[in-house]
Amino acid sequence: MLEKPVAESPWWRSLSNPRLLGTRLSSNVELLINFIVVVATIVFILSQGSGFGIRIAQLFAIFAILAVSLNLVIGYTGLLSLAHVAFFGVGAYSVAILTTDAAYEQVPGHIPHFGLSFFTALFVGMAITGVVALFVGGVLSRFRDDIFVLVSVGFAVISHRIFLFWQPVTRGPFGIHAIAKPEVGGMVIDSRLEFLFLTLAFLVIVFLISWLIVRSSFGRVLMAIREDEQAIEVFGYKARYFKLTIWVISAMMAALAGGITASEQTFIDPQSFVLLESILLVTIVILGGLGTLWGSLLGALVFVLLNEGMRFVPFLPGELIGQARLAILGIVIVLLMLFRPQGLVGRFKL
Amino acid sequence: MKILNADKRLPALPRSIIGHPLVSIVVAGVIIYLALLLGQSADQFLQFSINGIVIGAIYAIVAMGFNIVYGTVWFFDLSYGAMATMGAYSVFYFTGRQIQTVGRGEINNLYLDIFMGILIAGVVAWVLYVWIYPELRSRINRITLLAVGALVALATGAYTGLILAHPADLNVFLSPTIGLLVATASGCVLYLGALSGIGSGRGLILFLVLGLPGALALGGYSGWLVADTLSTRLYLSWFMGAILAGASGLAIYRGVYFYLRRQARSPLVMLVGSLGFLLSITAFIAIIFSPDGRPLAQPFGTVPWSLAGAFIKPFQVLIIGIAFAIFGGLYLLLNKTSFGTAVRAIGDDEEVARIVGINTPVVIAVIFFLGATIAGLGGILLGEDIGIRPQMGLLLLLKGWIASVVGGIGNIYGALLGGFVLGMVENYGVWYIPAQWKDAVAFVLLIFFLSFWPRGLLPRR
Numbered sequence: 001m002l003e004k005p006v007a008e009s010p011w012w013r014s015l016s017n018p019r020l021l022g023t024r025l026s027s028n029v030e031l032l033i034n035f036i037v038v039v040a041t042i043v044f045i046l047s048q049g050s051g052f053g054i055r056i057a058q059l060f061a062i063f064a065i066l067a068v069s070l071n072l073v074i075g076y077t078g079l080l081s082l083a084h085v086a087f088f089g090v091g092a093y094s095v096a097i098l099t100t101d102a103a104y105e106q107v108p109g110h111i112p113h114f115g116l117s118f119f120t121a122l123f124v125g126m127a128i129t130g131v132v133a134l135f136v137g138g139v140l141s142r143f144r145d146d147i148f149v150l151v152s153v154g155f156a157v158i159s160h161r162i163f164l165f166w167q168p169v170t171r172g173p174f175g176i177h178a179i180a181k182p183e184v185g186g187m188v189i190d191s192r193l194e195f196l197f198l199t200l201a202f203l204v205i206v207f208l209i210s211w212l213i214v215r216s217s218f219g220r221v222l223m224a225i226r227e228d229e230q231a232i233e234v235f236g237y238k239a240r241y242f243k244l245t246i247w248v249i250s251a252m253m254a255a256l257a258g259g260i261t262a263s264e265q266t267f268i269d270p271q272s273f274v275l276l277e278s279i280l281l282v283t284i285v286i287l288g289g290l291g292t293l294w295g296s297l298l299g300a301l302v303f304v305l306l307n308e309g310m311r312f313v314p315f316l317p318g319e320l321i322g323q324a325r326l327a328i329l330g331i332v333i334v335l336l337m338l339f340r341p342q343g344l345v346g347r348f349k350l
Numbered sequence: 001m002k003i004l005n006a007d008k009r010l011p012a013l014p015r016s017i018i019g020h021p022l023v024s025i026v027v028a029g030v031i032i033y034l035a036l037l038l039g040q041s042a043d044q045f046l047q048f049s050i051n052g053i054v055i056g057a058i059y060a061i062v063a064m065g066f067n068i069v070y071g072t073v074w075f076f077d078l079s080y081g082a083m084a085t086m087g088a089y090s091v092f093y094f095t096g097r098q099i100q101t102v103g104r105g106e107i108n109n110l111y112l113d114i115f116m117g118i119l120i121a122g123v124v125a126w127v128l129y130v131w132i133y134p135e136l137r138s139r140i141n142r143i144t145l146l147a148v149g150a151l152v153a154l155a156t157g158a159y160t161g162l163i164l165a166h167p168a169d170l171n172v173f174l175s176p177t178i179g180l181l182v183a184t185a186s187g188c189v190l191y192l193g194a195l196s197g198i199g200s201g202r203g204l205i206l207f208l209v210l211g212l213p214g215a216l217a218l219g220g221y222s223g224w225l226v227a228d229t230l231s232t233r234l235y236l237s238w239f240m241g242a243i244l245a246g247a248s249g250l251a252i253y254r255g256v257y258f259y260l261r262r263q264a265r266s267p268l269v270m271l272v273g274s275l276g277f278l279l280s281i282t283a284f285i286a287i288i289f290s291p292d293g294r295p296l297a298q299p300f301g302t303v304p305w306s307l308a309g310a311f312i313k314p315f316q317v318l319i320i321g322i323a324f325a326i327f328g329g330l331y332l333l334l335n336k337t338s339f340g341t342a343v344r345a346i347g348d349d350e351e352v353a354r355i356v357g358i359n360t361p362v363v364i365a366v367i368f369f370l371g372a373t374i375a376g377l378g379g380i381l382l383g384e385d386i387g388i389r390p391q392m393g394l395l396l397l398l399k400g401w402i403a404s405v406v407g408g409i410g411n412i413y414g415a416l417l418g419g420f421v422l423g424m425v426e427n428y429g430v431w432y433i434p435a436q437w438k439d440a441v442a443f444v445l446l447i448f449f450l451s452f453w454p455r456g457l458l459p460r461r
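Sequence lines, in order, name chains A and B.
Sequential numbering from 1 applies to the first sequence in my numbering.
Sequential numbering from 1 applies to the second sequence in my numbering.
No incorrect hints appear here.
Partial list, derived from the structure: chain B residues whose beta carbon lies under 8 Å from chain A:
| # | residue |
| --- | --- |
| 1 | VAL256 |
| 2 | LEU260 |
| 3 | LEU268 |
| 4 | LEU271 |
| 5 | PHE277 |
| 6 | PHE284 |
| 7 | ALA286 |
| 8 | PRO434 |
| 9 | TRP437 |
| 10 | ALA440 |
| 11 | PHE443 |
Listed next, the stretches of chain A that the computed footprint assigns to chain B, with coverage defined by at least 3 CB atoms under 8 Å from CB atoms of chain B:
| # | stretch |
| --- | --- |
| 12 | 134–143 |
| 13 | 147–160 |
| 14 | 271–285 |
| 15 | 337–345 |
Calculated from the structure, these hints are not laboratory results.
Since we're looking at a predicted model, the values are computed, not measured.
Built from N, CA and C at the ideal position, the CB exists for glycine as well.
Working from the sequences, and respecting the hints, build out all of it.
Listed below in structure tokens is the structure:
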């Protein structure tokens, strides 16, 4: 269900007119939400110093890439997928395994050594993820609605079990250490600030590609599939191929985020790729708004703020922060479904 | 409200299933595989079968509860998993103070006791308001009625708090309550029987002469029983855990799902909303208790019975018995009573059911209560068998869903069969590979069934 956009004067007109700005702010919830979130972020980063700011920005960039790519599938095509973390993990493990060479190994293990450079490994990893996604999407394209959700959960669980128990390749619960840092023109990127710029550059690329997809005729077909799949089939579009294409593109973007994360942390283990992460990603996308790319950025921002802001809540023991975050997110999701099912700035209601 | 037909959501069958060559190939393959396993080691085969049946019984219980909800309202309730966790943790909470378990310190939490007292008081007040208040409003002064109701609720809450805060004196406080409850319940049953069965005058006299003293005696006896033995208290805690889970399920339905359904939202909105409940309830349980797993006190001791080279614990026999008992109860409820007819009518078409005069909100509320109670029981049994963890609910729920898809979604026969099939496949399937792959095997089975046999073994209608 799309809400009709109300024809109004552009928002920048109101900047020159304080009274108009006041009425607009009270009537336009979305603008207010944007304003509050962005200001809260700036205040938070300023109050915590630049080191913390870099940390938050890095987390935000990774979650934003994942959320934007997931929004292409959930928000624009209407496929509620919980398998995104599987592609995130496949990308991360591909980069980790492909970049390990014998010299990096600190713990003796049996995993194969390739010793590729970061960027080669990233592209190979994305290609591998694309093939995996093609297979998974082929199976998933037979199902709809809640059966689709269940099967995508199945793929998330299966991928986690593979990361955890296929020890000859993934080293199982020990994880993979000493993952290579990217190298640009002979200069190794290892300071956190440089890495942040690299990640942000990738975020911009992903966002631009998504924006082009959404604005193109291809994107309009996707939205038509979301609204009514049978209707668009009548016009001769093969909905199945459109869904597969966007599925693979989205999975490859997730793999990109996975590869960057692996290199940034220099260590990965299966605990980063559990089903819960997928649920959190869906939460971010719905929180921000389905069918708006900007909403996904906003959702990621809110999530990261919540995540890091919990550290400063008084009387909250450190080991409970993760759980408290989940509790709050759960309540927020229920309230959103009750009162604002289109998310913070979205237009499409699930 | 647009209720989707069950058949429309599943992909169409490729061809007639019986004549499908793949089916015969798969069946032949399964038989050959089982024969191979049996030939390899008969003892081990028996042990794997027993494990499969026991875990399959738990899956069947969860799947049955899940299916009566899913088959009525046709949306996937993820908070069902949280209800299972809640049931298991309330058993841990109620028994932890008598029976020595690990992590005893966190049990005696004053705030938790106060919270439980408030919760119980709220539930009692709500029940009074819904059921008793409308009946008496016309006869008694309204203010008096409200005041008395509030007093009763407050007293119940204070009483619960007292029981919980004085673990040593639990028997002294608890046994009169149980006696009173049993007396009231048996009195109600007799009264209803007298009203409906024997006739107008004589039935009532019979009830007064024979029924009341009998009910009182029964109540006193059960109170004494509770006060006496330790294991009775364990089963009592099972009962309370299941009821607590059921009440939470009912509260979630009445608090949120009712309004979501009234707004005619799609099943996915309901699914995401229930996801929120799953997340926050699991997180709250992990905050109140601890995120780590722990065992529950086992009933009947831990000495297993030997059975032709394999071992089975007495408690596991009880699990299988409970699964069949629940199946029998649900069968009678759904097929032999007018309530069951109403449930099936709503499952077929809610709109029409409302038009012909079925009180749909009440029937659906009862179904949610029943489903969540059964979920709580499933969580308790799993917890007694292999220990509890805050995250146990999600996986148990998914297994229940897989079992019902395998068996045929939306009916209890399919759920029972699917549960046992899933348990068997998990156990036979991991014969050659390490046992950690069980979950992966379950999902591979699901994808296989959905791709080639989407209506399950025993489809609805």
